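Model the full assembly from the supplied sequences, consistent with the hints where possible.
What follows is the residue order along each chain.
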Amino acid sequence: MKKEVVIGLEIHIQLMTKAKMFCHCSTDYIGKEPNTNTCPVCLGLPGSLPVLNKKALEFAIRTAVALNCEINQVSKFHRKNYFYPDLPKAYQISQYDIPLGINGYMEILFPESKEKHRIGITRVHTEEDAGKLVHEGDIASSSYSLVDYNRCGIPLAEIVTEPDFRSPEEARIFLVKLRSIVQHLGVCDGNMEEGSMRCDANVSLRDAKSSTLGTKAEIKNMNSFKAVKKALQFEVDRQKKLLAEGIEIIQETRHWDESKSVTISMRSKEEAHDYRYFPEPDLLPLKVDLKMVDKIRRNLPELPEARRERFIKNYQIPEYDAEILTSSKALGDFYEKAASLYSNSKVLSNWIMGELIRYLNENKVEIEDSPISPEKLVGMLKLIDEGIVSGKMAKGIFEKMFKTGKDASKIVKESGITQITDKNALFEVMDRVIKENPRSVEDFNEGKEKALHYLVGQVMRYTKGRAKPDFVFDTIKQRIRK
Amino acid sequence: MTLNQLTAHEAVNLIKKKRITAYEIMQDIFNQIDKVDNLIKAFLVINREEALKQAKEIDKKVKNGEKLPPLAGVAVAIKDIITTKGLETTCGSKILKGFIPPYNATVINRLREAGAIIIGKTNMDEFAMGSSTENSAFGPTYNPWDLERVPGGSSGGSSAAVAADETFVALGTDTGGSIRQPASLCGMVGLKPTYGRVSRYGLVAYASSLDQIGPIAKDVTDCALVMKVISGHDNMDSTSVNLEVPDYLKSCQEGIKDLKVGVPKEYFIEGIDPEVKGALDKALKTFEKLGAKIEEASLPHTEYSLPTYYLIATAEASSNLARYDGVQYGYRAEEYENLSSMYQKTRSEGFGREVKRRIMLGTYALSSGYYDAYYLKAQKVRTLIKEDFDKVFRKYDILITPTSPTPAFKLNEKVSDPLTMYLSDIYTIPINLAGIPAISLNCGYSKSNLPIGLQIIGKHFSEETILRAAFNFEQNNGVEKKKPSIKPAKHKEAKK
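Taken in sequence, the protein lines are chains A and B.
First residue of the first sequence? That's 1 in the numbering used here, and the numbers climb one at a time after it.
First residue of the second sequence? That's 1001 in the numbering used here, and the numbers climb one at a time after it.
Simulated from the structure, these hints should not be mistaken for laboratory data.
Please read these numbers as outputs of a predicted model, since none were measured by experiment.
It is possible that part of the hints are untrue.
Stated by the list, open to error - Some chain A residues close to chain B (C-beta under 10 angstroms, calculated; not the full set):
id : residue
1  : P40
2  : L43
3  : P46
4  : P50
5  : K76
6  : A90
7  : Y91
8  : S145
9  : M192
10 : E280
11 : P281
12 : D282
13 : L283
14 : K287
15 : Y320
Ideal Cβ placement from N, Cα and C applies to all residues, glycine included.
Here is the structure:
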């Protein structure tokens, strides 16, 4: 029987508050010397007590509201108890039976089919992050672990979806959109590689017409959008194969090994933790003021969906372009900045979606750190419009701009690679090409349009691409036509 | 008479009048510690150098005519479960041996600002789990009234130190009676404040929803004096309440005429020592003489207090004590094969029997499948117990009960039988479950010269009322104020 893929996601996002969730330590921990960004509270030293950072609560509510959740007016913090060296209190302050937000949803758009899917959000809750284990070499070969508590106590929002995804690609599209939303909300930078956004997935298969869920495997350690798609596809294939062979799926946690591109079993259900959740006695029940929620709702910034619609309307670009350009806050900002300086918004989106994104990806550079600023990109486009460089030349210039960060005009000046504007010089080259290729001239006059292109190409070759193609085309045509 | 025998308020007055110096006080305090603490064993750490230095600073202030803070020159001993910056804090446990906190508990900062001098850290049942101080990893503390007997617990070191004039006052902590029961067994005054009255920041947690810090003192006035200093909101403790702190000393001066007193019948159960009952009856007559109206009251859910407490307290403890895992600080097993064996060996070797017993009990109570039947049920019963008190306090201003069913018992008498040991807190535990304040003070002595305590229980945040009732009783009860004569036990040498 045909199997249906069922995937649900659990996403953790680090909330970009100034201070940690329960103490005054900074959340700016990346790159700091290990164990310097700590205090008795986040180190869980005996006698220390947590005090909730209200900003963390506000950020979590903002996230829940943007995901269309109902907000529980009274929710609770619970202790999730387990032993691990990165968890200094041996429990994580989290939420359990009454989370902050419930019953939300998010709509995702499939670019090809233009279909919209509504993905259910089961819950949004807030909790504290753990520290990090550091190993010499890797975890398997190192004989000891070092612990860095700098990350301990960073506020997190956990977002749990319903098992509403029917393919790994759907899950990926959802994640990209979610990242864009939290970026637009200003609550998280959504960096999966650095771990400010992390994703676990539950994957199972069932008979296509069945409504009961199959046995699931939980997949962890997927550190990029690509990894999510690859890991989920691997897992789907693995389960399909097992089921085809008549082998039952075991409920277990599996680790995605990026280098080997496989999921590996970590622990089975029998070995699963009993977290012994109970209400955190050191914190009072979390009372959420409805006025505060209203205020947050009213003051939500423009979210990617609205921005996409605005892009389509204001810039007259296709929906697909608008979807890509709003898939990250910084990309949208880049486009808007450039569009404010340059009127041909479609040409702009082509360059951004084509050359710029390709170079950024190839060089693993974030758009925020792009060596080509919106101003510089527009400067280059204006050189094309003014006929100083051709579109083809511009691609080479773009590459140099990306590598050096220089302005297009400066690169043009330094290398002298402007278009030849001296018509007499061009006429000379064209006459030479016509003389050297009598056969092509004949062909053209016999109705072979292609021959003309060949001649233009020869001119471009002699001028090293510095001739203006339109002009050459028209001139040669005029000269050889009988 | 030596200066260590004074009360705190007497000492402060004499310093202010320049009759004595803080330095002289400290000398007498440390002389007494040197003289008797080898018998009492109240202290785990002595803070002599620092204390003497601080005493000199107080004396300098006196000399310069500066305004003196309320506890200027007052020697305070601190139960070793309260963190003291730079001073080892072990909670009476091997697992925290050598742990030197990098920060002070809020109460320590408040005491220091009030001019108090921290003279040392006192012995206790490991992680405050016990009623006799026999559960300390560093050996027991002995009752100054009879060295063959326990001082009570878990704040046994603190109460014994006060009783033996080794300090003026001490801080204890009370989760199920750990201030009041040892105060009673040592003939001292001990107050467990309303939950939320005193900051718990820096109190190493045993059972977070029950723990409170409070004073143990020689008289009610000292108790009020210290309460005024340590009480009040702290933004480092979310459960501390933002309410103004009254002038407890001032309210003590008012009488107790027409005070409505309830005496809960459920507290006069089988097992209560006739001498305790007798002392209490006599005390009630005193209250009547002072104009209080005494009636029998009822707290119908009293019998469920002990099981409720031993589920909630142990559940919280199982989580609170999980952090002692050998990773960051404290004891770590010397030999282990992997992470899990490091955890197991560290905790097996580092914790004592009673602590392990309670961790296991609490872990069980929180386990999936048992949570509803144990922890959740206990929380519901806790609510019923609270409601019992809410109801009687609609009718009465205070309740009076014994503090402990018996005077001090002998060492080793109850160690092997935890349930009997648990019963010694039967009158104090319901108060923690309800989160209300209670004070224990002396109301007489047994024929064998052991102190007997009575407990005054009040409504939430009515420390003023119970201190006033206690003060009036203390001033008028006609009980002769005695000091223990610390005599080595006959077979003490053999024991060593």
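Hint-by-hint comparison with the structure:
Restraint check, P40/A versus chain B: the minimum CB separation of about 5 angstroms is within 10 angstroms; hint holds. Because the beta carbon of L43/A sits about 7 angstroms from the nearest beta carbon in chain B, less than 10 angstroms, this interface hint is met. Given the 10 angstroms rule on beta carbons, the hint for P46/A holds: about 4 angstroms separates it from the nearest Cβ of chain B. Taking 10 angstroms as the C-beta contact cut-off toward chain B, the hint placing P50/A at the interface holds, the least distance being around 7 angstroms.
Below 10 angstroms, beta-carbon pairs count as interface contacts, and K76/A has none with chain B, the closest being about 13 angstroms; its hint is therefore violated. Taking 10 angstroms as the C-beta cut-off, the interface hint given for A90/A holds, the closest approach to chain B being about 3 angstroms. For Y91/A, the suggested interface contact is upheld, since its CB lies about 5 angstroms from the closest CB of chain B, less than 10 angstroms. Against a cut-off of 10 angstroms between C-beta atoms, the interface hint on S145/A holds, since the closest Cβ of chain B lies about 8 angstroms away.
A least Cβ separation of about 28 angstroms between M192/A and chain B goes past the 10 angstroms threshold, and the interface hint is therefore violated. At about 8 angstroms, the closest approach between the beta carbon of E280/A and any beta carbon in chain B falls short of 10 angstroms, and the interface hint on this residue holds. For P281/A, the shortest C-beta to C-beta distance to chain B is roughly 4 angstroms, which falls under 10 angstroms, so the interface hint holds. A least Cβ separation of about 5 angstroms between D282/A and chain B falls short of the 10 angstroms threshold, and the interface hint therefore holds.
With a cut of 10 angstroms, the hint placing L283/A at the interface with chain B holds, because the nearest CB-to-CB distance is about 5 angstroms. Interface hint status for K287/A: violated, as the beta-carbon distance to the closest one in chain B is roughly 12 angstroms, over 10 angstroms. Given the 10 angstroms rule on beta carbons, the hint for Y320/A is violated: about 49 angstroms separates it from the nearest Cβ of chain B.
Consistency with the previously given hints fails for numbers 5, 9, 14 and 15, ordered from lowest to highest.
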